[in-house]
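Protein chains in written order, with the working numbering: chain A, 1 to 223; chain B, 1001 to 1223.
Hints listed in this document are in silico derivations from the structure and should not be mistaken for laboratory results.
By construction, the Cβ of each residue, glycine as well, lies at the ideal position given by its N, Cα and C atoms.
Treat the hints with caution; some may be incorrect.
Here are some of the chain A residues that sit facing chain B, going by a computed Cβ distance under 7 Å [unchecked claim]:
(1) Leu68
(2) Ala69
(3) Met70
(4) Gln72
(5) Ile76
(6) Ser168
(7) Ala172
(8) Ser175
(9) Ala178
(10) Leu182
There are 2 protein chains.
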Amino acid sequence: MTRIRFQQSLDELKEKLLVMAGLAEQQIQRAIESYRARDLTICDLVDRSEQAINRMEREIDQAALDILAMEQPMAIDLRFILAVIKINSDVERVGDAAKSISDRVRVMEHMASIELPVDIPRMAALASNMVRRALQAFIEADAELARAVLSMDDAVDGINRAAHSALSALMAAESQHAPQALTALMVCRSLERVADHATNIAEDVIFWVQGADVRHQGSLNQN
Amino acid sequence: MTRIRFQQSLDELKEKLLVMAGLAEQQIQRAIESYRARDLTICDLVDRSEQAINRMEREIDQAALDILAMEQPMAIDLRFILAVIKINSDVERVGDAAKSISDRVRVMEHMASIELPVDIPRMAALASNMVRRALQAFIEADAELARAVLSMDDAVDGINRAAHSALSALMAAESQHAPQALTALMVCRSLERVADHATNIAEDVIFWVQGADVRHQGSLNQN
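Sequences are here, hints too, so could you generate the full structure?
This is the structure in structure tokens:
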């Protein structure tokens, strides 16, 4: 394989991953829309696309493995392929989070629609934005942008904590609304997980671009 | 590097991963004991070991990368190293689940101790057993054992679903106990995640040993 052909195979790998990531991001939007509108036809759509994402994950892993086996890439290329394998796994789990939300919507059918003390669409927008920027950092090999994503995680954690305490209080005060509050709480947890996956992706981008492993440095610095 | 030296470096990689996995498994036991006994000194222990697991994850990734860069391993060895990288990530997330449980215990301090309709120690024992067997399958390169782990996941999911519905009902009926029920529910979710990670590890073992990717086949077969 020539160097040009090799570079093409890396580009194709990146392209496949971005298609899958776009689909995962769309899944989050769909899941939140299904929650907002209580629309089970959207849940069906989420289920179907989940299959497609799972299939893509396998194909990308196999393509990465083929390149490793045939090319024995060195240094920066090797780190790139490892980043793809890790990002692949996180993107698939973003899809899982969307599926979890959609599964929750399916059991909401018989619950009365009430106002809840949490802005789920806003939290979803923040988490999706983190995923989008982490992938943009990957496309542009931009470690600065990846670092900006890491700093966004605190905002999502903050909303999640506030939602947790407001919804717990609601459950205790108005037990007839406990099912709705619990559902909202589970949706928040799924969105918080999406933000965690975006964080993982950003860390993998930094690892790839700079060769430095930034994972858990925050927690190490605290000690 | 000779073949013998190469084989040694693979063995060392496996050994490091097993030490880390043993620690992650211990973390789950500790977290559940801290929940059962409401013992915050155990939570402190969980926090400290979490740092160690995070450090180990980085070291294992780096060691795997070094072998890939220096050795350009082929076929079965390459698949082994990729399995290590993936298992490494799942083991670290088992540690994260233990930390989540321990974080929940810290906010239980002011809640009255009550009986709840869920056997958390049993669920924890099942989930831990899955992790242990998945790692045993990895040590022994035993795809059969790994497949047995996959079939155990349904039991944990079943307990989690039953707990979810019993605890939701309790929240609605006895709102004064909503905080305890919600905490138990979050602990169950964390344990269900541990079982999911064990499933991922088992799938990676099968991928390594058989070269077949079994991920998501269950969901594909449903269509």
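Comparing the hints with the structure gives:
no.: 1; hint: Leu68; in the structure: 6 Å, holds
no.: 2; hint: Ala69; in the structure: 6 Å, holds
no.: 3; hint: Met70; in the structure: 10 Å, violated
no.: 4; hint: Gln72; in the structure: 4 Å, holds
no.: 5; hint: Ile76; in the structure: 11 Å, violated
no.: 6; hint: Ser168; in the structure: 6 Å, holds
no.: 7; hint: Ala172; in the structure: 4 Å, holds
no.: 8; hint: Ser175; in the structure: 4 Å, holds
no.: 9; hint: Ala178; in the structure: 4 Å, holds
no.: 10; hint: Leu182; in the structure: 6 Å, holds
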